[in-house]
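From first to last, the protein sequence lines are chains A and B.
The first sequence: position 204 = 204 (our numbering), numbered continuously.
The second sequence: position 273 = 273 (our numbering), numbered continuously.
Wrong hints could be hidden among the right ones.
Stated by the list, open to error - In silico DSS-like pairs for lysine-lysine, Cα to Cα no more than 25 angstroms straight-line:
no.: 1; chain 1: B; residue 1: Lys405; chain 2: A; residue 2: Lys158
no.: 2; chain 1: B; residue 1: Lys13; chain 2: B; residue 2: Lys42
no.: 3; chain 1: A; residue 1: Lys158; chain 2: B; residue 2: Lys260
no.: 4; chain 1: A; residue 1: Lys158; chain 2: A; residue 2: Lys178
no.: 5; chain 1: A; residue 1: Lys405; chain 2: B; residue 2: Lys158
no.: 6; chain 1: B; residue 1: Lys42; chain 2: B; residue 2: Lys260
no.: 7; chain 1: A; residue 1: Lys42; chain 2: A; residue 2: Lys247
no.: 8; chain 1: B; residue 1: Lys318; chain 2: B; residue 2: Lys336
no.: 9; chain 1: A; residue 1: Lys307; chain 2: A; residue 2: Lys318
no.: 10; chain 1: B; residue 1: Lys189; chain 2: A; residue 2: Lys405
no.: 11; chain 1: A; residue 1: Lys336; chain 2: B; residue 2: Lys307
no.: 12; chain 1: A; residue 1: Lys178; chain 2: B; residue 2: Lys307
no.: 13; chain 1: B; residue 1: Lys178; chain 2: A; residue 2: Lys405
no.: 14; chain 1: B; residue 1: Lys405; chain 2: A; residue 2: Lys189
no.: 15; chain 1: B; residue 1: Lys358; chain 2: B; residue 2: Lys189
no.: 16; chain 1: B; residue 1: Lys307; chain 2: B; residue 2: Lys336
No lab work stands behind these hints: they were computed from the structure.
Note that the coordinates shown come from a computational prediction; the quantities given were computed from them, not determined experimentally.
Given next are the chains, with one letter for each unit.
Number of protein chains: 2
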Amino acid sequence: MFEVELRCIECGKRFDLRDHYLCDRCQGILEVQYDYSSLEGKPAEQVVPAPAAGIWRYQSLLPVRSLSSVVSLYEGGTPLIHARNLGRAIGHDCLYCKDETRNPSGAFKDRPVSVGVSKAVELGFDTVTTASSGNGAASLSIYAAKAGLRCIVFVPEKTPIAKVAHAVTAGATVVRVKGDYSNSYALAKAASARYRWMNITTTFLNPYTLEGDKTVAFELYHQLDGGAPDWIIVPTGAGPLLYGIYKGFEELRRLGLLSKAPRMAAVQAEGCQPIVRAFENSRPVAAWEAVHTVASAIADPLRGYEKDGDLVVRTIRKSNGKAVSASDGQIIESVKELGEREGIFVEPAAAASLSALKKLLKEGSIRDKEKVVCLLTGHGLKDPQSAIKAMEIPQVEPGLEGLEKLDLGNR
Amino acid sequence: MFEVELRCIECGKRFDLRDHYLCDRCQGILEVQYDYSSLEGKPAEQVVPAPAAGIWRYQSLLPVRSLSSVVSLYEGGTPLIHARNLGRAIGHDCLYCKDETRNPSGAFKDRPVSVGVSKAVELGFDTVTTASSGNGAASLSIYAAKAGLRCIVFVPEKTPIAKVAHAVTAGATVVRVKGDYSNSYALAKAASARYRWMNITTTFLNPYTLEGDKTVAFELYHQLDGGAPDWIIVPTGAGPLLYGIYKGFEELRRLGLLSKAPRMAAVQAEGCQPIVRAFENSRPVAAWEAVHTVASAIADPLRGYEKDGDLVVRTIRKSNGKAVSASDGQIIESVKELGEREGIFVEPAAAASLSALKKLLKEGSIRDKEKVVCLLTGHGLKDPQSAIKAMEIPQVEPGLEGLEKLDLGNR
């Protein structure tokens, strides 16, 4: 299948496959269009080969034409873990975790960014930029380094230091912008227009990055033996990952490889939940005013691009899904449960998917035998401070005497 | 192939396959013995299948009998990256990086620990312990969590906080021990003897863990199309990784799959280099006195188990290899080069392999066309502070005006 053009999802206006971001007529979100017919009827293993060498196994479904433009660090191909211990603890057997912490930068962002940077190479850009709560910045930095492109990233002032260090070490120029994520978003957008940088902000702004997100669906299709789960729970900032995964399953359906797409559940933090609020009140998304949450990676107030949220709400409804929030306390508890039950160390935003699952089970939205996949979007090492506030770590002198006092010998 | 017994590498005394650590006659290191003859003549793809599902593809070469005892988090199967940008920069084409940062805990330790914890399950232990500079502790914690075992880890007081957070989040009891790594080593050894815990310290103490390290060799064999590199450079604390990789290649040779094992180069930090000193002076290893280096993950003074170092020196000599040191300044420079050229973010200890390569190229030990693999042992997110000391990160007000002052628009 070849990509054909970009098309505005609002008014349908068509654009060529260059660096367009939003529709110049109605400011609608742009999406890559493919000639699906060229792939129809081909065997599944040709269209969506089994995951192994990362997302570029799916090049026929990605909008980059020549392999020589591809910038890859072996992203994707992440494990799907049957979380039996955790399932037993919360009373739900069919629980799977898609472990996106295993990507090169430790977050799912490497999928969209690998596609975005490859497209930047194909289009001949020498500088790439992004606005990011930290994970996108770290990811763009390493792909830009690999590609030999200059990289300038905009992050909110409170971005965890490990993410900043990651970007700086890869040679990126990191600019901290006062205020919340939406300020960084606006500045990256303005700067890329002014200086002709490729804007690889992984919201809905860059139409190519979304295509990387959808590879999660192709991998799940294989990891679940040619099927889809009943539910996928996605930690959600602006929502491109949720939208992208659903798009991937819809493509599989369109290609005749699947009969039923999964139901999509978005989870946001109580302290920044513009999408959940709109979903619950059946109203258009309004920007969130006072952002306050430990889950920094999904703390996106959507100010100035509220309609990104509307698209996500529509997608959730279309899938017959749900949008729920989780408190910081519930999120931190979920970080610990994932660590203690499954040995997976995630950052707070990622753990929110487990908090949501517990809520959806409790309210009866998710039923007993339904197969659930939680997206674990980012590694705990990206924000270790959040996990260990108020923990006590004993320190002892060398020798068994000091140790005896801790009374560890008897269970 | 089945494992048969443990054998002391010094005096040859034999032990059954239970929790023995050192020879009770001479205190020699114990090694797992196999019945290689049962595998001889079988096709390579049966003996050492291609890497995909982690190290347990090689179960026939690992000392755990039943798959039901295996505790796995999809460790191993890490990418071998042809580092073309970096190779160009330092003038050596045939440079490959084995990216061990992609393991579940972000370090190669998951290989030995997966084997050690599986063996603990097989032997019926309910508690596991380790002494670790931090990476082994994080790794043991997540595997113990997955296995449902109690986990108590001993780390030096100065262990980076991210590694401690990793272990704590997985529910381990972390005990910080005053002084350097050797103090932690002694205390874990004493405590495991006193309380009957399985000691999964990944030096040479636990004979099973070493077997996990050797899986790097099997993967390289495939990734280099059925061959071995000319050189493998390994960041070295006590040295089990270097020894294990060499053992893996020797096993391939013994099985008739390979004609020539690679030359092994150890690198230590200038501030803790007992093995390098012994190698250079052709004397037995003596404990290092004052440990001082940014490369905490390889800062092992070997006090009380100096002969572990002697074994590593013998292995290096047998392979016709080298042992070199790197200064903290060189190591931090290498962290930046790996980030800026290849987009790989490593902790200081891992970057030491690049520092060593540059030294070995300069002195002519490694020649032009020789194929070199650098082991990148741990992720930069495990110790981000070390990478970004003294860095400047600009902060701006929202809006293009503040940005203009940074003068990023013009290249």
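Hint check results:
{"no.": "1", "hint": "B:Lys405 - A:Lys158", "in the structure": "holds, 22 angstroms"}
{"no.": "2", "hint": "B:Lys13 - B:Lys42", "in the structure": "violated, 30 angstroms"}
{"no.": "3", "hint": "A:Lys158 - B:Lys260", "in the structure": "violated, 53 angstroms"}
{"no.": "4", "hint": "A:Lys158 - A:Lys178", "in the structure": "holds, 9 angstroms"}
{"no.": "5", "hint": "A:Lys405 - B:Lys158", "in the structure": "holds, 22 angstroms"}
{"no.": "6", "hint": "B:Lys42 - B:Lys260", "in the structure": "holds, 19 angstroms"}
{"no.": "7", "hint": "A:Lys42 - A:Lys247", "in the structure": "holds, 20 angstroms"}
{"no.": "8", "hint": "B:Lys318 - B:Lys336", "in the structure": "violated, 33 angstroms"}
{"no.": "9", "hint": "A:Lys307 - A:Lys318", "in the structure": "holds, 16 angstroms"}
{"no.": "10", "hint": "B:Lys189 - A:Lys405", "in the structure": "holds, 17 angstroms"}
{"no.": "11", "hint": "A:Lys336 - B:Lys307", "in the structure": "violated, 40 angstroms"}
{"no.": "12", "hint": "A:Lys178 - B:Lys307", "in the structure": "violated, 56 angstroms"}
{"no.": "13", "hint": "B:Lys178 - A:Lys405", "in the structure": "holds, 16 angstroms"}
{"no.": "14", "hint": "B:Lys405 - A:Lys189", "in the structure": "holds, 17 angstroms"}
{"no.": "15", "hint": "B:Lys358 - B:Lys189", "in the structure": "violated, 38 angstroms"}
{"no.": "16", "hint": "B:Lys307 - B:Lys336", "in the structure": "violated, 34 angstroms"}
The structure does not agree with the numbered hints 2, 3, 8, 11, 12, 15, 16 stated previously, though it agrees with the rest.
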